[in-house]
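Chains as they are written, first to last, in my numbering: chain A, 22 to 354; chain B, 22 to 354.
Among the clues, some could well be false.
[As the list claims (entries may be wrong)] Per label pair, the in silico range of CB-to-CB distance:
#, chain 1, residue 1, chain 2, residue 2, range
1, A, Q84, B, A265, 51 to 57 Å
2, A, H123, B, N67, 40 to 46 Å
3, A, Q46, B, R257, 38 to 44 Å
[To be verified] Think about it this way: if two alpha-carbon atoms lie no more than 30 Å apart in a straight line, the pair counts; the simulated DSSO-like pairs of lysine-lysine are:
#, chain 1, residue 1, chain 2, residue 2
4, B, K305, B, K38
5, A, K47, B, K181
6, B, K181, A, K142
7, A, K227, B, K62
8, A, K47, B, K345
9, A, K47, B, K142
10, B, K142, A, K142
11, A, K227, A, K47
12, B, K181, A, K62
13, A, K40, A, K315
14, A, K142, A, K315
15, B, K142, A, K40
16, A, K142, B, K227
17, A, K142, B, K315
18, B, K38, A, K47
19, B, K40, A, K47
20, A, K227, B, K47
21, A, K62, B, K47
22, B, K38, B, K142
Calculated from the structure, these hints are not laboratory results. Just so it is clear, CB atoms sit at the ideal spot from N, CA and C, and this is done for glycine as well.
2 protein chains.
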Amino acid sequence: MRGMEIREIGEFGLIEKIKGCVTTQKESVVLGIGDDAAVIKETSGNYWLITSDTLVEGVHFRQEFATLWQIGWKAGAANLSDIAAMGGEPRWAVVCLSFPGHMRVRDVEDLYRGMDRVCSKFGCDIVGGDTTLSMGGMTISIAVVGRVDEERLATRRGAKVGDAICVTGDLGGSKAGLESLKEKGQTYGYAIRRHLEPVPRIHEAKAIGDVARVHAMIDISDGLSSEVNHICRESRTGARIFAASIPVHEDTREIARRRGESVLDYALSGGEDFELLFTLAPEKVDAVRSHVEKNTGTPISVIGEITDDEKMIVIVDEDGNEEKLFPLGYQHF
Amino acid sequence: MRGMEIREIGEFGLIEKIKGCVTTQKESVVLGIGDDAAVIKETSGNYWLITSDTLVEGVHFRQEFATLWQIGWKAGAANLSDIAAMGGEPRWAVVCLSFPGHMRVRDVEDLYRGMDRVCSKFGCDIVGGDTTLSMGGMTISIAVVGRVDEERLATRRGAKVGDAICVTGDLGGSKAGLESLKEKGQTYGYAIRRHLEPVPRIHEAKAIGDVARVHAMIDISDGLSSEVNHICRESRTGARIFAASIPVHEDTREIARRRGESVLDYALSGGEDFELLFTLAPEKVDAVRSHVEKNTGTPISVIGEITDDEKMIVIVDEDGNEEKLFPLGYQHF
């Protein structure tokens, strides 16, 4: 009897186990393991965010589909997106890279240039890290430290009954881009760019915070269904999502249609869209929408509402039929 | 022509290349890539340290020789040691773990308990991270954020001609422990503990800073010869090391002797001792030594002196013969 394997309890089961193994002594830790980033309240009153994410070759990316520059960009973007999800601004990053010994110097340079490009674009300096040999492919772990104003701090917990549920941009594009890359047609530039060069919604998070205090926020890294579930579980609420209101790009629709697949599935469980999902008082929506669109060009869509029926997350189709929405996002293991 | 492989330029060649690929925009970055930790000067005047390190299964550790708890401890200790090397105190850590899908939940728990044990012992809270599948063995990347008083901040640059070169504790023990483990005798408890459960010199760094301002400091992770070279290169000085003054534990001597190997080689290039190597004005040595020993129980040894002959690092044997000391520490790739 050697005990349970990790894959039997899944990612969120494992996170609960890990929480049980670590001790938190410092009063400064406002929020530890379990959100997009940890929140630290410094003695000066500043709030700091710390987050880290890993991309593993063969699990999260393949060199067949992406340049090293794009892999670097995406690794950086995924981390910056976690800072955006907390309402913050990224400041400094450290990068741990493991790679096979036969890797080319110029490939490593391309990787760092891609990371640096997205980091510097959003005001984040790469200040250190570690390089080591791997036994297989590449592993890229990035940790980002950011800051956030107390009044802009957004977590997964805090959604209120009656809140409007909003998303930035459009969903399902990354999944559509990946499918398009696998077909090697590469004709759908928009979707492919969404998959390979996602833009973290730092500016949008800032613009949202300029106008309103969101009640809960998360970035859509695993898929909408999964992220709505996170917010509802942490906020102890339910949610009703209107399928017809979920924003999807025309290219995403076209790719799904051509492949005979459900575009709704792309949006609900495609993952890696790195859009923001947030809830706020419905009377604030118009002001947020116009301010964000004016300042960033990114549309805001209302896709549903927070309900008081804890554990009941439903999706409503165009005919008004309700169905339970299970978290069917990207399964990490 | 696909370009040079990484192993052709080595770790330090690669770090130089990486430096050329990243941009630093923020005035807050006092020190970026290239020391044990990055140094950030916050608007409040606080100095922050950020460091990260990776341990790769098969490269840095084997489960054959260590429990998961010990692997976790050592991964944490290696990072905390980098904070000690800057004169700082660790505060918060994030952990990225990649593991094979068949790994047991209880093994992951043991790993985190080991990490948490060393972190909490030195005042550092594990506040987040990421867990992902790997394609091979485990990869553990930890990033630690710490703080340091401006007057205690120590870097590799700053050694002055005439400085005494000092080390904490003793050297070569980790290498001796590894050799002992390979023989499966496991009779040398001290050396094996040095290899599997190294103690980061956080308290010693603090005690040193209580009494004197060090001019340069680094932790001995790759081996004494390599670290002396780092300090001299960054400080543009030379150094003279007295072989007979290098502190070595009796068990380390015994293991080397039994194996017919040079104990001096263990001390110079064994690596993973995680002691502190520092330089300071010779008149400060007595006060530092007695304060550190009184407060931590750890001895301080003077092993050499900083010289003005840049690029000339020599080791002097008991008969006064000088030999050039090349950086022969652990080669990462």
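Honestly, which of those hints from before does the structure not fit? Violated hints: 4, 5, 6, 8, 10, 12, 13, 16, 17, 18, 19, 22; rest satisfied.
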